[in-house]
Each structure stands twice: as C-alpha cells, then as structure tokens.
Amino acid sequence: MKSDIVLAGVGGQGILSIATILGVAALEEGLNIKQAEVHGMSQRGGDVQSNLRISSEKIASDLIPLGKADLIVSLEPMEALRYLPSLSAGGWIVTSSQPFINIPDYPEIEALEKALGSEKHLIMFDMDAVAKDCGSPRSGNMVLLGAASPFIEIEPEKIEKAIATVFSAKGAKVVEANLEAFRKGRAKALEKIDETVTNS
Amino acid sequence: MKIKKLLLGDEAFASGAINAGLSGAYGYPGTPSTEIMEFIQANPVAKARAIHSHWSANEKTAYEEALGMSFAGLRSIVTMKHVGLNAAADAFVNSGMTGANGGMLVAVADDPSMHSSQNEQDSRFYGDFAFIPVLEPSSQQEAYDMAGYGFALSEKYEIPVIIRFVTRLSHSRASVEVDAEPGPQNIVHFPADGRRWVLMPANSRARYRQLLNVYEALEEASETSPFNSYTDGTDKSLGIVVSGIAANYLDEIFQEGCPFPTVRISQYPLPKKMLRRLAGECEKLLILEEGQPFIEKAMRGVMESPVRICGRLDGIVQRTGELNPDIVKDSLYKLCPDLEAVRPVDRREPCQLAVSRPPSLCKGCGHRDVYQALNEVLSEYADARVFGDIGCYTLGYLAPFKALHTVLDMGASITMAKGASEAGVHPSVAVIGDSTFTHSGMAGLLDAINEDSNMLVIISDNLTTGMTGGQDSQGTGKIEDICLGLGLPAERLHTIDLLPKNYEELKRLFKEAIDSKGLHVIVSRRECIQTARRHGAHRGPKTQA
Chain A
0 MKSDIVLAGV
10 GGQGILSIAT
20 ILGVAALEEG
30 LNIKQAEVHG
40 MSQRGGDVQS
50 NLRISSEKIA
60 SDLIPLGKAD
70 LIVSLEPMEA
80 LRYLPSLSAG
90 GWIVTSSQPF
100 INIPDYPEIE
110 ALEKALGSEK
120 HLIMFDMDAV
130 AKDCGSPRSG
140 NMVLLGAASP
150 FIEIEPEKIE
160 KAIATVFSAK
170 GAKVVEANLE
180 AFRKGRAKAL
190 EKIDETVTNS
Chain C
0 MKIKKLLLGD
10 EAFASGAINA
20 GLSGAYGYPG
30 TPSTEIMEFI
40 QANPVAKARA
50 IHSHWSANEK
60 TAYEEALGMS
70 FAGLRSIVTM
80 KHVGLNAAAD
90 AFVNSGMTGA
100 NGGMLVAVAD
110 DPSMHSSQNE
120 QDSRFYGDFA
130 FIPVLEPSSQ
140 QEAYDMAGYG
150 FALSEKYEIP
160 VIIRFVTRLS
170 HSRASVEVDA
180 EPGPQNIVHF
190 PADGRRWVLM
200 PANSRARYRQ
210 LLNVYEALEE
220 ASETSPFNSY
230 TDGTDKSLGI
240 VVSGIAANYL
250 DEIFQEGCPF
260 PTVRISQYPL
270 PKKMLRRLAG
280 ECEKLLILEE
290 GQPFIEKAMR
300 GVMESPVRIC
310 GRLDGIVQRT
320 GELNPDIVKD
330 SLYKLCPDLE
340 AVRPVDRREP
350 CQLAVSRPPS
360 LCKGCGHRDV
370 YQALNEVLSE
380 YADARVFGDI
390 GCYTLGYLAP
400 FKALHTVLDM
410 GASITMAKGA
420 SEAGVHPSVA
430 VIGDSTFTHS
440 GMAGLLDAIN
450 EDSNMLVIIS
460 DNLTTGMTGG
470 QDSQGTGKIE
480 DICLGLGLPA
490 ERLHTIDLLP
500 KNYEELKRLF
510 KEAIDSKGLH
520 VIVSRRECIQ
530 TARRHGAHRG
540 PKTQA
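So the protein sequences, as listed, match chains A and C. For the first sequence, numbering that gives the first Met the number 0 gives the first residue as 0, with consecutive numbering after it. For the second sequence, numbering that gives the first Met the number 0 gives the first residue as 0, with consecutive numbering after it.
The set of hints was computed from the structure by calculation and includes no laboratory data. Do not rely on the hints blindly, as some may be mistaken.
As the list claims (entries may be wrong) - Straight line, CA to CA, 27 Å or less: simulated DSS-like cross-link-like pairs of lysine-lysine:
(1) K4(C) / K157(A)
(2) K333(C) / K401(C)
(3) K506(C) / K1(A)
Claimed, not checked - Quick list of the computed label-pair ranges, beta carbon to beta carbon:
(4) V196(A) / A47(C): 54 to 64 Å
(5) S228(C) / A88(A): 18 to 28 Å
(6) T230(C) / Q97(A): 43 to 53 Å
(7) I108(A) / K401(C): 37 to 47 Å
(8) K57(A) / P43(C): 28 to 38 Å
(9) P155(A) / T494(C): 25 to 35 Å
(10) G320(C) / N101(A): 47 to 57 Å
(11) G134(A) / G476(C): 51 to 61 Å
(12) P343(C) / V196(A): 40 to 50 Å
(13) T494(C) / G116(A): 52 to 62 Å
(14) R137(A) / K235(C): 23 to 33 Å
As the list claims (entries may be wrong) - Rough simulated footprint, nothing fancy, chain C against chain A, three-plus residues with beta-carbon under 8 Å:
(15) 74-84
(16) 99-107
(17) 152-158
(18) 175-184
The structure presented is a predicted model; accordingly, all values stated were derived computationally and were not measured. No residue lacks a Cβ here, since even glycine has one placed at the ideal position from N, Cα and C.
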C-alpha cells in the first residue's frame, strides 16, 4: 500500500495530532512512515501543513512530489485549495467547510465553495459541527481523520486503537469522545462517497 | 536488540546520543533544533542516569559547558540552530584548537528557506573554517546512528564533531531502529595532552600544526566512511554528487536505481579522491546539496575545470531555498531532457483563492498590548524608531502593528537603539523579550547604563522562551534584579503587569520615559498565553461544586 497525504490547516487547529495517530497506527502495522511537519514561527496562526507518507515499500523523500498526493486532508477550506498542485489526477480532497478567518483578505465564501464544489473527488462538511454533536467541540480533527480514513489503507479498528493510545493519558472520557468523533466522520464520508460514486 | 520507534530527526539523534553513553546535553532553544533537548529532558533513561539537560543562557555558555564536560572525559552534546553557532563561534572555533577529550557533538540545525530564521547560513562552512569534521544525516536512522559513530570519531581524533541538521530532517518523523538498552557512559578522565587546553600563543602554535595533520587524517577517514560512497552508473554523460537529505530526493526520482555514477557524502572534510574519480569518469557533474553551495564551491575552485560543474552557482539548481524532489527533478531535466524518469508530471496550477496567511501574535498575548500602546504613544513623534529583536514579538513588524524598524540578531534591539540614539534618533526604543534579554541583551544594557543613553528599553517578559514552544527562560524572576545589578538606577526601572486595567498606565510609562532624558527600562509582564494554558491543564480542570 501507499498513501501520500498532505495535511493542512491553521496553526493550533490540531493537524499534527492526525499525523501522530496515523503514524502510530502505521508503525503498529509494520508500515514505513515519513512525516514532515512545521514548527516554530509559522505555527502562530499561520498556515501549517504536514506531508505524511505511509507505504509498505521504502520511502525515500520526506516531501511528497507535486502531483503525487493521494489525499489532501484539511481542517479549513481555503487551506485545502492551497495544496492543489500537490494532488494527483485521481486524488481526493477531504476538508472541513468551516472557514478560519484571521486575515483581512480572506476570499469570499461563495468563491471558495464554488472552487471546491467543482472538484470531482471531494468530501466536505462542517467537521466542527459534527464534533459538537458528539459533545466534544475540540475533536474536529478526529472527525476529519474519520472522514479521511476510507481513503487510507489501514483498517479503521487499527486507527481507533491508535486514537486510544494517543489520548490514553487524558482519560477514558476523552478517548471515547475522540473515538465517537472519528466514527461519525467516517460514517459521513462513506455516505458521501456512495453519493459521489452513484452520481458519476 | 533493536526496537522500532517513530521519531523526529532531532529525537532520533537525541535517542542515539543517550544510548551511546551521553552524560550531558547543553543548548539554547532554536527552531529547528529545540526537540533534541526536549527529548532528553523527557527521557526516562536520561532521568535515571541524571544526564544534564538544563537549558543554558545562550549558545556560547552552552558550548563551553559541553566542552568542559568533554575536558573531564565524558560524552557531551550541545544543540543550537544555525545562527546560534554565530553566538557560540568564539568557543566553537577555538574548540578545534583545544580539541575534545570525551566525545563531543555539536548538533546544529540549519534552516534553508528560512522557515523560522533570519538567514540561510550553512554550518558546513564553519566546520571547514575551524578544521572540525561534519556529519550530515540524510535520514532519521542516520541521525540515530551518527550519534554513536560521531562520539567514536570525536574520541578517536580528539576533536568536536558537528552533526549538521536541516529543517526537513529535524522536523520529519520516521520509524527508526533504536537499541533497546543504553550503552555505558564514560568515566571522568583528563586529557593526556594538557597543553593544548591552554590556548596561549606558544601552545596554540604547536597545536595548530598538529590540528592541520589531524584534518588531513580526517580527510582520509572520509574516504572510507560508511556514510560516504561511490556508486558506479551505466551512463557517464553525467556524474552526481549528492549530500545529506538531497540524497533522498534523488532516490525518490530514481526508484529503480540511478543510471549516473554517484558520490554520496554525509561525512566531511570532503572525500577528495572519490570526487576526483567521479570527475575523471564523467563528462559533467551535478552537485545536489541542501543549503549553500559548499561542495560546489570546493569543486569549482578558481581555476578553469576540464569538467562542466552544474549546481546552484550556474542556476541549474535554484540558487536559494531548500531543495525538494521537484527542484532536484527540474535540475536533472535541464541536463537530461530525454530521460523518462525526470520528465515533468502533470500538475495543477496553484489556486488564486488561497491567499497567504502569515503568522500572528496569539489573542491575549502581552506583546500585543505593548505594541498597541507603543504605537499610540509614538504616533505623536515624527522620527521615532523601534528596534526589534528575535522572538514571537518579531511579529510586531507585521500588520496590524507594523511597529518595528529593525530586527538583526539576538540582543541587537538594545545595542542598535543605543547607536541610533547616539546618532540623534529620538525616541529610540528597544523591544526585547525576557529570554533574548538574558541570552544577549544584558551586556548591551550595561553599555547603555554606563553611558546613560537616551533611549527606552522595553523588556516584554512572558516568563518563557515562547517562539520555540515555551522552554524555561533563564531570567525568570530575575529581570529587575539583573537590571539593578548592572547598575541601572532604581528610579529608571519600571515594572508593569500587562492587564487591561493597566493599559493607560502602560502608555503613561512609555510617554514619561521617552520625554525624560536618559535611559529607562520598562519591564512589562504577562505570562505567555500558550504556557499559561498548559500550566492550567497541568493543574487539572477546576472542580465544580
């Protein structure tokens, strides 16, 4: 298997937790991993991204070549669009629809929705809203991970196990809330994939 | 026995050092090097062995502390970002002269593309300048392996060894095979040759000749290093020299094997024989290296070369910025347009809607109050200039504050403001954080106190080293005492807590300090919002009745 994933968001949104969990799951599966991330100045409310590569073969580069990413996974719609040059021809975009507006020249929401709407391979919904429904408003990133999981060849049970491991220090309640968020996100994405496949 | 762990490049090196018998780690936080120390601080083996891992005041003190441990025969590392080596340069260059006793590794992390830095300097030049060998890991596994290898090299040749990181390796995670059990530590033993540790001219002259011989021996060691290699190829129209992490990008492109003869370099000084052999067998050469053209410059020299040399200096590889698989591929395409493996792939155009999202100060950050109040006060003066420094508060240069006129290096706010005030600039204001103040601001403040320079120094104290993620700040709880101890008259020192209710008072303090002659220091204080949040979490949630 091989998954080349660009994780995107705004500093502080929690994309690195997604990378950590997938990393733990992949390591457990005996897969190779490389995951480049951004620390330091760029984390302060700026755009952040992480290149996550998982493969059963040896991985050479820490960075994904342009046009080679299988997935863009984003917590923010404009940030999802930033990495279009990375996406491969058959690649999917999984993104939250909830904009994070902390700059004066943030584009019109309609324009963003139109641009994303023209993507054939798109899963987009409000991840934060789903997280709130689960009673865990800060688990938007786990909803996103769930929504991305059908595109990653690691069994969902294995990812759930990794979620439990990563959040174990924070107690059973936090683990359960994050698992719930993951499952909701996954279910929602599976519905949408069905629609996409039926419509095409 | 080996076990697999998922580690950042920084962490892999730290883990390797602990398992290779490390006794002390020293350093000052700096992106992308910070995680080396943080790993050691949190590591159970390091705790059980009481391995030193307290942050130092700056890179120079850290360097000398690590060298002192090496003098005593134990294995030590010192960590810093590339510009930190400038601060430590006096100790560093002279440590080539003293040499090492216990193995000493200088883990220095370069930041090509300047993700979090003010320049793109390449530490390999420092190694060459100081006759100190350099190891340049290309993978997290090599970062781990090079710790033990580097200690042995350091002890064999009795010299410190640089481990050169770059951002993409420091901050990239991979599965690494690590030893399940740590190896033994050194016991204290003093250098056999004590003279060269006292760098008086007579000793230094003798040592310098010896050091040149050591460097020649190190050149030979590079020829047989397990980290350097010559791989033959079928197509000799091109030879490739590739170093460090750039090798990964080459491997990404040629997954079925590279058709061109290739020299891989991860240990310096340069293996000259290997390079000469490559030049002798190939029609032209492409040099791929992360950072500045260090190998390329050495290959080109001054004289006309019989072989065409391509790289950053002739524009075949882009002159600035970090490499990636696409840049390496484009460079190869320029030289071999018929080669299938390097033909450009279809890629989509960047989306114009995705506008830039620069970093900004956190909501609730005390630096925000400082800049807002300062801007309001300074708007009444035509020629006010504000001298900034290195830290989160450097972001005061950006909108919405646009408050800063200079940012140079650690501590330069105070000294540049002083020089400008002596040129007649008024108001001349320095803004510096607490950690940067104790790193390199104190000596400059002493200058300003001694001359009672007509300027305002704002020490914006957030009780931490914020930009790098909230490491302990060495001046916490001592800032006012330091100022007074340096000789600042008590009436020129003002302290204010950055609270909304104190905002008018803050402006009044600024205004009065600017309008009265001489030096004033205002310590403005609020705990970093990020570390405060973490401290809150540590204390646990508030219990509800």
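Taking the hints in turn, this is what the structure says about them:
1. With a CA separation close to 17 Å, the supplied pair K4(C) and K157(A) stays within the 27 Å bound.
2. With a C-alpha separation of about 42 Å, the suggested pair K333(C) and K401(C) falls outside the 27 Å cut-off, and the hint is violated.
3. For the suggested pair K506(C) and K1(A), the alpha carbons sit about 58 Å apart, so the restraint of at most 27 Å is broken.
4. Between V196(A) and A47(C) the beta carbons are some 56 Å apart, a value that agrees with the proposed interval 54 to 64 Å.
5. For the pair S228(C) and A88(A), the beta carbons lie near 36 Å from each other, so the given range of 18 to 28 Å is not met.
6. For the pair T230(C) and Q97(A), the beta carbons lie near 50 Å from each other, so the given range of 43 to 53 Å is met.
7. In this structure the supplied range 37 to 47 Å is violated for I108(A) paired with K401(C), their Cβ-Cβ distance being about 28 Å.
8. Between K57(A) and P43(C), the C-beta spacing of about 31 Å keeps the proposed range 28 to 38 Å intact.
9. Taking 25 to 35 Å as the suggested C-beta distance range, the pair P155(A) and T494(C) does not conform, at roughly 55 Å.
10. With their beta carbons about 26 Å apart, G320(C) and N101(A) fall outside the hinted range of 47 to 57 Å.
11. Roughly 41 Å separates the CB atoms of G134(A) and G476(C), a value that falls outside the hinted 51 to 61 Å.
12. Judged by the Cβ atoms, the range 40 to 50 Å given for P343(C) and V196(A) is violated: they are separated by roughly 31 Å.
13. Under the hint 52 to 62 Å, the C-beta atoms of T494(C) and G116(A), about 55 Å apart, fit the expected range.
14. Between R137(A) and K235(C) the beta carbon distance is about 59 Å. The supplied range of 23 to 33 Å is therefore violated.
15. Figure legend: the segment 74-84 of chain A, annotated as covered by chain C; annotation consistent (6 residues with Cβ-Cβ distances under 8 Å, at least 3 required).
16. Here the segment 99-107 of chain A counts 6 residues with a CB under 8 Å from a CB of chain C, which clears the bar of 3, and the coverage holds.
17. With 0 residues carrying a beta carbon less than 8 Å from a beta carbon of chain C, the segment 152-158 of chain A misses the three-residue requirement, and the given coverage is violated.
18. Three residues within the 8 Å Cβ limit are the bar, and the segment 175-184 of chain A against chain C gives 0, so the coverage statement is violated.
When held up to the earlier numbered hints, the structure conflicts with 2, 3, 5, 7, 9, 10, 11, 12, 14, 17 and 18 and fits the remainder.
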